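These are the residues of each chain, in order.
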Amino acid sequence: MKRKILLQLVVPLLSLCMLFLLLAVQPDPASRSVEPVELSVILRETDTAALNAARQGMEQAAADLNAELRLLTLTTAGSGEEQRALLEREVSGGAGGVVLVPADRETLADSVRQAAGQVPVVTMETDMGESGAKAWVGADNAALGTALGKAALNGVRPGETVLLLDSLSGDNAVRERLEAAAAVLKTEGRTVEVCTPGERPLSDALKTALSELRPSLVMAFEAGALETAASVLETVEQPAPLLYGAGASTAIAAGLEQGRITAIAAQNEFAAGYLAVEAAVRLARHQTWETEDPLEFSILRRENMYEPDSQKLLFPVIR
Amino acid sequence: MRRIISLLAVLALLLSGCGTDKAPTVRVGVALYDQSDTFISTMARQLQQLFQEEEQGRGIKINLSLSDGQGSQTLQNEQVDRFLNQGYDIICVNIVDRTAAAVIVDKAQAADVPVIFFNREPVEEDLRRWEGAYYVGAYAEQGGRLQGQLVLDAWREDAAALDRSGDGVLQYVVLEGEAGHQDTLLRTEYSIQTLTAGGMEIEKLASATANWQRSQASARMNQWLQQYGDAMEAVFANNDDMALGAIDACLSAGMTVEELPYIVGVDATEPALEAVRNGTLKGTVCNDAAGQAKSIVALSCALLDGEAPESAVELEDGKYVWLPYASVTAENLEDHLKTE
Amino acid sequence: MKDAVQSLRRRWQELYSRSSIQMILSLSFTAVAVLGLVGLGLTLFLRFSSSNNTQQAENSQRVLTQVNWNLDAYLRRIMRVSDTAYYSVIKNTDVEDKSLSPALDLLYENNRDSLVSIAVFSQEGGLVADAPLQKLKNSVSPRWEDWFTQATNKIENLHFSTPHVQNLWEDPDQRYRWVVSLSRYVELSRGGSMEGGVLLVDMSFSGIEQICKDVDLAGSGYLYLIDGSGEIIYHPRQQLIYAGLQEENNLAAAGYSDGSHKETFQGSRRQVTVKTVGYTGWKLVGVVPMESLWDNYGQLVLFVLFVLLFSVFLLVFVNLRLSEWITAPVKKLDRAVKDLEARRKDIDFDVGGPYEVEHLSHSLRSMASTMDHLMEDIIQQEEQKRRSELDVLQSQINPHFLYNTLDSVVWMTENGRTQDAVVMLTSLARFFRISLSRGSNVISIGDELEHARHYLTIQKMRYKNKFSAAITAEEGVEGLYTIKLIVQPVLENAIYHGMAYADGDGEVAVRAFREGDDVIIQVTDNGPGMPEEVVERLLDPGGPTALAGAKGSGIGFRNVHQRLRLTFGPAYGLTILSEPDDGTTVRIRLPALDEEAARRYRKEETP
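Line by line, the protein sequences are chains E, U and W.
The letter at position 58 of the first sequence is residue 50 when you use my numbering, and the numbering goes up by one with no holes.
Remember, my numbering sits 744 above the position in the second sequence when you count from 1.
Remember, my numbering sits 7 above the position in the third sequence when you count from 1.
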């Protein structure tokens, strides 16, 4: 009899208690929180300041999706070798995912392939899908170059020289943009010269090229180079060549406003940063991530830079 | 109920904690008062590089997170809260409002996370609230003295070059930093004191705050140029940004480099050194950003390792790391750049 | 319908009649309680969920009112700054003589946290004064800015702009700040004459953000602020919206009136509460996704379900125990009654339980004992009746036979057959001695056969040797026992019905032998036999006592059969095998009783 009561009462009671605990505990949001994903963001610059908007996007995404960012800068800007070393170190150090702004496809191909086997690798600007990178966030580089080239046609008469800055040696987005722009300009009968700084600082190389080639238009294909070119051209005696370029930062916006830069092709850097981190986090969590269409970009000039949409694109809302 | 839940949570944490065997990760949060401040952004960059080096050297992971307070203490408090909530191991604060440190110290104490203030010195009483609070910075007083010394030396060397009016009295203006900041008060006070102590006769034409900002300094200087014109013989700026603003104003008013008043700044930021090189800025006092960054990193690492902070840095009162200023003029510019 | 109800009722009744009390009790208790609980729970839940919806809406409304109040106070403060700048500074100052800057500076420093700048422009768009001191960019012409034209178009109003990047001021640090501009038309006095101008107060986002940010809406609810045309002024995810990564239903919200609305946006249903901010025409929009409302519900439902489950379980348990407590004694009682029916002895009626059951068990017990007594009485009476009957039956034989025999003796004596008369009287004496047997009714089979032999002797003499008789017994059978006077009536029957008409060739054989545990005494005659219906009638106790035209009547025959059956059980008695013209065989079957076994019957017979 005693045993029967024990069985009848205590066992179901205990199981009900267990059930209750499970019920009570499960919906608690704190206990459902997922482990943060540790993302290594390998940049191409020595400084995160230039990438302010993209960084804000990354941080926003990290906060939204519970990720931890490790922003890694280089000691030498645009060094593929250094990126490779960083990439290998981060992957072996147990990063949950990598966001990479590749400096050079060739140098990085192998290590990206290797890294992609272990963690999701998302590249920005330069698509490295062929090397196994899981996602790419950036504008259509060829289209951007073409658009920039077309925009520049107004600024340079046929026969005059356009100087294109190949600021990042290697196979990357800058190269793609440059080639597309060069193709447009050449077919329209403009002389195209390419300035490759190589080992020298870009500013020095540009100065030399300016004095030698006397171009009527200079074109840069990434934010850093555009900023440098803007500051170099300021020091050049009048008439300074027009400056076209790709990239968006407050410094570039200021240059645009002050007329140092004539036109830019800009994408929403905040969105780029956000999407890159989102892609990496989702992939690291084994969720699906459709590589979206390339980001949209627009050609901005001084006249339209304060239009509401351009404002939203150029200036992140300060929080 | 709640207790059971928390108990379970703790259990889960313990279990998950046991499972990981990756390289140890430490999280360092750096809250900056305003990233657009040149000196601060320089320091931020240096901190980033130094921590990255430290990471490579020690084979651990250091996750450095920078946050920009944008000149708002409320925003900065939120950022510090976020750091603490996310379990950061150490927090470096470049506090917006130096009178508001008590809140942050208390929060850090509650979370038992050491907090290192830098560059903007909290009130001593606040810092004393907890032994886990430190300050890394430079003697503002010394900065002021050195700035004054620069002018005093130049005066002694060639008074005529400075004293354009030839009345034997140095007419000067002061561009002050943010109201309430210790550097504003001390730098102004001691630079002038040094001059008077050196036996110079001086006359203050005007002084105004430009909130450390180049644009405001430039606008202010513009106003003074209209008001006093050439009468201004020296400009004391509490920092380099404002000194550069003054130079901007003078140059855009059509002055040549030779016609510029004797402008001195503090901080020795890169643009300022550039200005020293081309002669527009007569001198600046190096507020050792690199040194401060190094001290912060050394102190952080010592705290992370659980070592006595005294072993890593020179600590005064167990709280303060003071770094010396050094004056930079065109003469010793190259030497300075080398040591950098 | 009616059929269904009927069949249900029938089925229920079937179930009811088949189930035990405990089952019925616990089932019905539980059913009623669970129904009650579910009903209560459901009512409460429905009531709660309907009130929750309205409460949620009210809560959003309340939060929005609070935020609205704060925002209103904040905007009024900014407007007050503008008012102060205008009425206390600009109106009292001739810009020719005196700079507006110090006073504006003071105002600005006072409200630094919420302001970006204060500036006064002339009608042509030239900068008159500003705080903090900044330079106007060369590239801008304030005259064509929206805030300027709005102010000059409607000069009596204050104008709030949508968020935009303030690009008026030169900034070597290249900072671009998002601001909301408050502009108004002002009258400037310059050198004694009045001219128009515009006062611009740029407020930073942070003030508005702080008011709107940490509002406490249910679940993942949030709040955003739009202007009259739906342009977003503040949104917690503003940058994401600006970057095109997220969308908001702001344009639709601009068309909503104040109050709660339900909308479906990007596939999710949400509750939207709108509140218009005074003066500016801005709208505060609180968004609470329905899912987050149901999030709480889900948990609640689970909780309620659990409590229900728990109580049902408890109820079932308690009811089981309770009904068991009530029904266990009844069950015991039931078992006791069944025992009673099965005539078992020593039935335990002590079942305990509630008063009624206890009482019932007492009654049953006394009833059972009364029944036992009555039963015993009945048995005794029956016994006595049977015995007296037997006595009567036994005594029925004698006078008739005695009369006939004595009659024969008289007749013999008269005829001088003294020798025969002596033999007959001797046999008669022997016959009666065995009949009496000193009162014992159980005698040895040997005596019984002796008794038969004397009887035959007498009858042979009476019937003048019309028949011959032989009595044989298997060895050992004579030593066994039987109740007395069982063979003689059979013989009597055989003689009266068979031998009376025989013509010297009648034969009667008595044979005693064992068959298994039984003893068979077989009486065979070669008389005319009997038809079947006579045979049947002979052993039928209810049959007519006399055969028409027959002497004897067969009473003795039936008597033997009944006695045997009464004494030894229905397996024993007489069997008659007879066919007309083929003689009759009567088998007397009785158990083989040794002396020991015979004693039992003897004792029983003893009164």
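Hints are computed from structural coordinates only; laboratory data are not their basis.
Given the structure is predicted, the values throughout are model-derived calculations rather than measurements.
Where is the CB? At the ideal position from N, CA and C, for every residue including glycine.
Don't take every hint at face value.
Under the rule of at most 16 Å between Cα atoms (straight-line distance), these lysine to aspartate or glutamate pairs were calculated in the EDC-like manner [as the list claims (entries may be wrong)]:
hint, chain 1, residue 1, chain 2, residue 2
1, U, Lys1082, U, Glu1058
2, W, Lys352, W, Glu383
3, W, Lys220, U, Glu822
4, U, Lys948, U, Glu1003
5, W, Lys473, W, Glu514
6, W, Lys144, E, Glu60
7, U, Lys805, E, Glu60
8, U, Lys805, E, Glu80
9, U, Lys1038, U, Asp1061
Only some residues are given here: those of chain W computed to face chain E with a beta carbon under 8 Å [unchecked claim]:
hint, residue
10, Ala11
11, Gln13
12, Ser146
13, Ser148
14, Trp151
15, Val172
16, Tyr183
17, Gln246
18, Leu247
19, Gly251
20, Leu252
21, Asn256
22, Phe313
23, Leu316
24, Phe317
25, Phe320
Hint compliance check: list the failing hint numbers for this structure, sorted ascending. Those not satisfied are hints 1, 4, 6, 9, 10, 11, 13, 14, 21.
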